[in-house]
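Based on the sequences and whatever the hints tell you, model everything.
Number of protein chains: 2
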Amino acid sequence: MKIGILGGGQLGRMLIQEALKYDDEFYTLDPNADCSCANISYFTQGNFNDKQDVIDFGKDKDVVSIEIEHVNVEGLEALENQGVKVIPNSKIIKIIQQKILQKQFYDEFQIPSPNFQIILSREEEIVIGFPFVQKLNTGGYDGKGVQVIKDENDLINMWDEPSVLENLVDIDKELSLIIAKNKRGEIKSFPVTEMVADPKLNLLDFNISPTQISEDIQIQIDKIAQKFMNAANSEGLFAIELFLDKDGKVWVNETAPRLHNSGHQTQEGNANSQFEQVYRVLKNLPLADTSSLGFSGMLNLVGEENFIGTVKYEGLEEVLKLPNTYVHLYGKGDTKPGRKMGHINVLANSREELLEQLISIKSLVKVVS
Amino acid sequence: MKIGILGGGQLGRMLIQEALKYDDEFYTLDPNADCSCANISYFTQGNFNDKQDVIDFGKDKDVVSIEIEHVNVEGLEALENQGVKVIPNSKIIKIIQQKILQKQFYDEFQIPSPNFQIILSREEEIVIGFPFVQKLNTGGYDGKGVQVIKDENDLINMWDEPSVLENLVDIDKELSLIIAKNKRGEIKSFPVTEMVADPKLNLLDFNISPTQISEDIQIQIDKIAQKFMNAANSEGLFAIELFLDKDGKVWVNETAPRLHNSGHQTQEGNANSQFEQVYRVLKNLPLADTSSLGFSGMLNLVGEENFIGTVKYEGLEEVLKLPNTYVHLYGKGDTKPGRKMGHINVLANSREELLEQLISIKSLVKVVS
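Protein chains in written order, with this note's numbering: chain Z, 1 to 369; chain G, 1 to 369.
Possibly wrong hints are sitting among the right ones.
The list treats identical chains as one, so a pair stands whether inside a single copy or across any two.
Claimed, not checked - Derived DSS-like pairs (lysine-lysine); straight-line CA-CA distance at most 27 Å:
#	residue 1	residue 2
1	Lys94	Lys144
2	Lys183	Lys321
3	Lys61	Lys312
4	Lys283	Lys366
5	Lys223	Lys173
6	Lys336	Lys2
7	Lys283	Lys336
Hints are computed from structural coordinates only; laboratory data are not their basis.
Structure below.
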């Protein structure tokens with residue numbers, strides 16, 4: 001089968017890596033000829049934000065999917081009209097890629113998400129209470145395009161673009177659910193994971209699986225997942241990022257219509273990985289068993305501040321000596337501050353052991369140049 | 001690092017697949033432009049049995065290795081003389097690729113292997129007792145170039161080529177040990193596995209890990225492994241195929257200086273796979289933990305008799321529904337009788353459960369066209 005992926009980054013790379021267990025042909029489209037997928041797939045250099053590029057790339061594929069949601073949706077719609085299978089469908093990608101549509105979607109389908117106000121420019125009257133988060137309608141990614149406005153004096157820092165203004169949730173835990181649906185209607189989720197964010201870079205830092213939550217919270221999450229999948233009405237693999245607040249209520253932060261950083265530890269931590277699962281969705285195969293094999297966790301390898309250029313990984317050899325530890329690099333030659341260069345998965349027998357091990361590994365490795 | 005592999009078959013493919021966790025560049029040399037590695041590496045179409053092709057391919061690589069032992073050794077020697085790292089070294093590849101040298105090597109280093117006679121043609125006097133196995137000096141692979149000569153009347157069937165004639169061992173079990181050594185001198189083996197051969201195709205069929213053997217047998221195997229690694233005096237990953245006879249004595253059947261079919265179940269069955277281990281050898285990294293995670297086994301997917309052409313896998317979807325079961329296909333478009341097209345790994349809690357599951361899966365899948 002000819003499988004086309006918009007984007008040639010690490011998510012695509014790990015999908016192709018997993019799918020090398022099977023016999024399909026992977027095609028990727030990316031503007032960067034040095035991208036993570038360029039040498040392991042049939043590669044087309046082009047712009048996935050350009051309608052014609054998307055159409056030209058996708059028209060002879062059996063299925064087209066994405067590894068980044070910021071792609072040209074009109075191109076995907078045109079492909080669907082030509083009879084090309086697009087997973088997830090263009091409609092849900094369009095909703096998710098615009099924060100305003102995404103919030104309205106949650107509202108429409110009564111999916112709990114933080115109280116919000118939509119503004120098209122900074123001139124509009126702010127009715128939401130302080131403090132709030134400003135999220136740009138488009139262009140946000142990996143923590144970019146998001147800022148907190150603390151009080152009236154802070155208003156001067158607001159971006160003058162269409163945005164969602166959202167009340168801050170009093171967060172107890174950040175959770176994530178990865179869930180998949182295939183054409184035959186099977187739906188399967190991975191055990192809920194827990195994120196620990198690095199306050200400085202706002203990139204996902206540790207991710208722990210499974211999280212320890214009460215039955216009530218699990219039920220809230222299951223309901224949200226069910227509502228979301230009904231409303232999305234699309235095949236695909238989705239990551240639902242959740243806030244658990246200090247009153248024990250679960251809110252949707254946002255969703256991603258694709259493979260997600262919060263699922264990386266499934267590579268060794270679960271019976272099958274999120275990458276295997278998305279492959280099965282693309283082929284409409286029976287969904288894979290998602291059981292946890294124990295406690296697992298992940299830490300991102302992110303370019304250190306002040307280092308730009310050919311990447312070097314300090315301390316990596318020490319990490320390779322550790323049992324239950326798996327290094328994943330993304331085939332990126334150059335580092336820059338905050339760039340995701342790889343991740344490390346860790347398996348453990350308890351949550352405590354896992355956190356200890358993750359913290360110890362984090363102190364060992366530095367991504368420099 | 002630029003890593004060159006002679007051969008572009010499934011062993012190379014699965015090595016590259018595993019090593020996509022890291023940042024190296026893989027180059028492959030194979031006569032077949034449709035080979036399993038062609039589209040996932042920097043591919044050169046050429047003949048790994050041709051001295052000049054090997055030199056031209058290897059001269060600008062940081063390390064050159066093999067995924068098939070039938071390669072031009074003079075080319076590898078020339079590369080070594082030019083300062084290219086060759087793993088395993090050309091000397092041990094040369095010994096292993098010629099059955100006569102291999103047997104003499106065991107003799108010289110007192111590695112127990114079945115009693116034998118060397119002949120250069122059929123005209124020589126046969127002094128070994130019946131029945132015996134005739135193994136052609138070169139060209140044997142996957143059971144080809146090997147035949148049993150039962151008695152005097154059978155002598156007419158003997159091949160008229162340089163051969164090893166070897167006494168049959170009264171086999172209780174066929175075992176295999178995969179062992180690796182890196183430049184820094186670390187040596188690590190995987191738990192001993194047990195093979196169950198398909199009598200018709202003489203291809204490895206089931207492979208079970210770990211095998212259940214007494215301490216005495218484990219000690220015999222450890223001694224053999226130690227002697228072999230000392231004698232081979234080379235970095236690399238080796239598969240030592242063993243016979244356990246009915247008197248409890250262990251003999252070396254033959255060795256392979258490369259990744260081996262008897263190690264495929266390490267992909268999901270062990271903390272790290274043989275593919276990860278060979279990668280670490282090629283990079284002189286700390287060797288990986290080889291522990292078994294439980295019972296695991298493997299069955300080959302081999303082209304059925306009477307089917308030639310574009311491959312179809314009957315029953316595969318049923319297999320994909322099973323837990324603890326992992327399908328690996330080799331990206332080969334065409335099947336023919338006896339061709340290795342893929343394998344299936346199975347995890348289980350006991351040897352009995354494992355065998356039951358393997359037998360049940362074997363009855364489900366057919367490789368047809």
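Hints versus structure:
| no. | hint | verdict |
| --- | --- | --- |
| 1 | Lys94 x Lys144 | within (19 Å within a copy, 57 Å between copies) |
| 2 | Lys183 x Lys321 | between (43 Å within a copy, 15 Å between copies) |
| 3 | Lys61 x Lys312 | between (37 Å within a copy, 20 Å between copies) |
| 4 | Lys283 x Lys366 | between (39 Å within a copy, 20 Å between copies) |
| 5 | Lys223 x Lys173 | within (18 Å within a copy, 54 Å between copies) |
| 6 | Lys336 x Lys2 | between (34 Å within a copy, 23 Å between copies) |
| 7 | Lys283 x Lys336 | between (36 Å within a copy, 25 Å between copies) |
In the structure shown, no violation is registered for any of the earlier numbered hints.
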